[in-house]
Structures are given as C-alpha cells and as structure tokens.
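Heads up: the sequence lines are chains A and B, in that order. Residues in the first sequence are numbered from -7 upward in steps of one, following our numbering. Residues in the second sequence are numbered from 138 upward in steps of one, following our numbering.
Hints listed in this document are in silico derivations from the structure and should not be mistaken for laboratory results. Be aware that a few hints might be false.
[What the hints assert, rightly or not] Which chain B residues face chain A? A few, computed with CB under 10 angstroms, are given here:
| no. | residue |
| --- | --- |
| 1 | 157 |
| 2 | 158 |
| 3 | 159 |
| 4 | 163 |
| 5 | 164 |
| 6 | 166 |
| 7 | 169 |
| 8 | 204 |
| 9 | 253 |
| 10 | 256 |
Where a beta carbon is used, it is the ideal one built from N, C-alpha and C, also for glycine.
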Amino acid sequence: MKEPPLPPREEDRLQALRALLILDTPPEERFDRLTAFAAQEFDMPIVLLSLIDAQRQWFKARHGLDVCETARGISFCAHAILQDAVMEVPDAAQDERFADNPLVIGEPHIRFYAGAPLKMPGGHNIGTLCLIDRSPRRLDAIDLAILGSLRDLAVEELARYAPQEPAA
Amino acid sequence: MSPTSHHEILLFEPSSLTASIIVATARQMNLPRVRQVSSVRTAHQQLTAQGFQALIMSLDEPTDAVALLEQVRNDQLAVDAQVPVAVTIAQVDPSTAVKMKALQVRRVLLKPFKVRDVITTIEMLRRED
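Produce the entire structure from the sequences given, and follow the hints as far as they go.
Shown next, in the form of structure tokens:
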C-alpha cells in the first residue's frame, strides 16, 4: 500500500479547512441530500463527503457507511486531493496503491472509487465528494459531468461556512 | 425574442436540486443551455415570450401541464408548434398514454428518473430538432 503524500502548501490547506469550523459538526440535510442523491443517481452503495484533516479523513455527510472517520494514511480521498480532476480507481484490487489497503481487504471492501476534489475559492482541495462500490466499475462522460455538478453544489454549500470578510 | 432563445431547452422540474444538477451537467457537456422553471405558470410565461429548441415538462401538475402542451401544439404560443417534447411523470395509465401520443411526446421518463436519463433525452431531442 502506498500512503498518500502531502499536497504542496499542506499547512495552508489545513488552515483553510479548519477556518470553516465544520470539522466534527453534526450532520446537515443540505449535505446529506447530496450524498443521498448521488447514491441514487449512480446506484452506489457508499457516497461520502470527506474532509482531509491532518491525521484523519472525517465525513461531513455519508451514505452507506457507519463510521464517521478513518485514518488519513489509508484514505483514498487523501490521494484524490492531490489533483483537481476526478480520481477514478476502477478496481482497487488491481491498483498497487490500494490493493492491500485495509479498506480494500477488509470492511467496507472497496473495489471502485471515484473522488471529485472539493476545491475551495482559495484554491485548496480540502476533501472530496466520493463514490464507492464493492465491485469494479467505470464512469463515462455523463457520469463524470453529473459528479462534477454535485461536487460544485457541495463546494457552494461549504463556501457558506467560510469566514466573511469584515465590511470596509 | 432573443436571437439565442431557439437554442435553449426549457425544463419544467419542481425539484430545485434535480433541476440545478441537470442545468449544470448540460453546461459541462456543452449541450444546449437549459432554462429551468419550477411551475407551469412560469413555463407558460417563457413559452409565450420566446421559442425553444425542445421542452422537458414535468406532469406533476397534470391538468395544467397538459393544457399548456395543448396550447403549444395548437400554435397559440411563441414557441414552434412542432417543438420536440419529453415529459416526466410518476406513472402512465392508458388514458395518459393516449394523451401523450396525441401531444406528440417523444419520450416519457418515469419518476424517479435519473439525471443521466434527462441528459440523454436532451441529446436525443437536439438531434431530432
């Protein structure tokens, strides 16, 4: 298993995430409806809105998964935030980065993963909206466009958490 | 009438979340611009004011929506009477099916439909226009 490297300007990225004051807040309908919508649209058993903290990934919204966080070192999303495009893993069992990952060989037995990075207005990818299946899959152009639309809505909602500039 | 309005798709979809995802996905795929309305009344205003390349109409308000489509087919609005039409509907009984055929509906999407189905419908209606 390959642990995810840290993105450039990681301290700034963490500061941007923590400035939202969203970590460890209760579930909210406006995020839950996005993960539920994605699960129905893509027939995915698991959909997460995952935020990458220093040592963990924490789920602001989750569909189909009971745990609210996992270690960052085994997180697929920590890899996905290293790029701006959707990171798609068609079959984790065939991918050397993930084949022996505990989330692949154990619960929830991830085989397919697609994570759309949540790029905030400041330019930092603070997490992902991600789709997870227990069988290998591939997304086509329409799927990717729909996932991008859902991701954009999630970013809009997250941006409402951003601290407001004081009035001049 | 706007010179670009004939290139737009009019979407009447009451769910703002579903509609906004359809609009954004069509934009990402470089499909014709989708103009979303959330009531039959607003759809009527749009169809009175300008033409559209195609219509996708929810039949959640069946009486009003069907009446609006009849106005379209009877050439009583600004939109072309032969404009391609698709509808979304919870269920289709025999009388509804007859009505849809009379209104020359090209595709019926049963609810709950997927955004993917609407996108492929837009692609189909655009080809047939």
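Comparing the hints with the structure gives:
1. Interface restraint check for residue 157 of chain B: the shortest CB-CB distance to chain A comes to about 7 angstroms, inside 10 angstroms, so the restraint holds.
2. Checking residue 158 of chain B against chain A by beta carbon gives a least distance of about 5 angstroms; that is within 10 angstroms, so the hint holds.
3. Interface hint status for residue 159 of chain B: upheld, as the beta-carbon distance to the closest one in chain A is roughly 8 angstroms, under 10 angstroms.
4. The interface hint given for residue 163 of chain B is met, as the beta carbon of that residue sits about 8 angstroms from the closest beta carbon of chain A, less than 10 angstroms.
5. The beta carbon of residue 164 of chain B comes within 8 angstroms of a beta carbon in chain A, closer than 10 angstroms, and the hint placing it at the interface holds.
6. At its closest, the beta carbon of residue 166 of chain B sits 5 angstroms from a beta carbon of chain A; the interface hint therefore holds under the 10 angstroms criterion.
7. With its C-beta approaching chain A no nearer than about 14 angstroms, residue 169 of chain B sits outside the 10 angstroms limit, and its interface hint is violated.
8. A distance limit of 10 angstroms between C-beta atoms decides the matter here; for residue 204 of chain B the minimum to chain A is near 31 angstroms, and the interface restraint is violated.
9. For residue 253 of chain B, the interface hint holds, the least distance from its beta-carbon to any beta-carbon of chain A being 5 angstroms, beneath 10 angstroms.
10. Here the hint on residue 256 of chain B is kept, as its CB sits about 5 angstroms from the closest CB of chain A, short of 10 angstroms.
Hint violations for this structure: numbers 7 and 8, all remaining hints satisfied.
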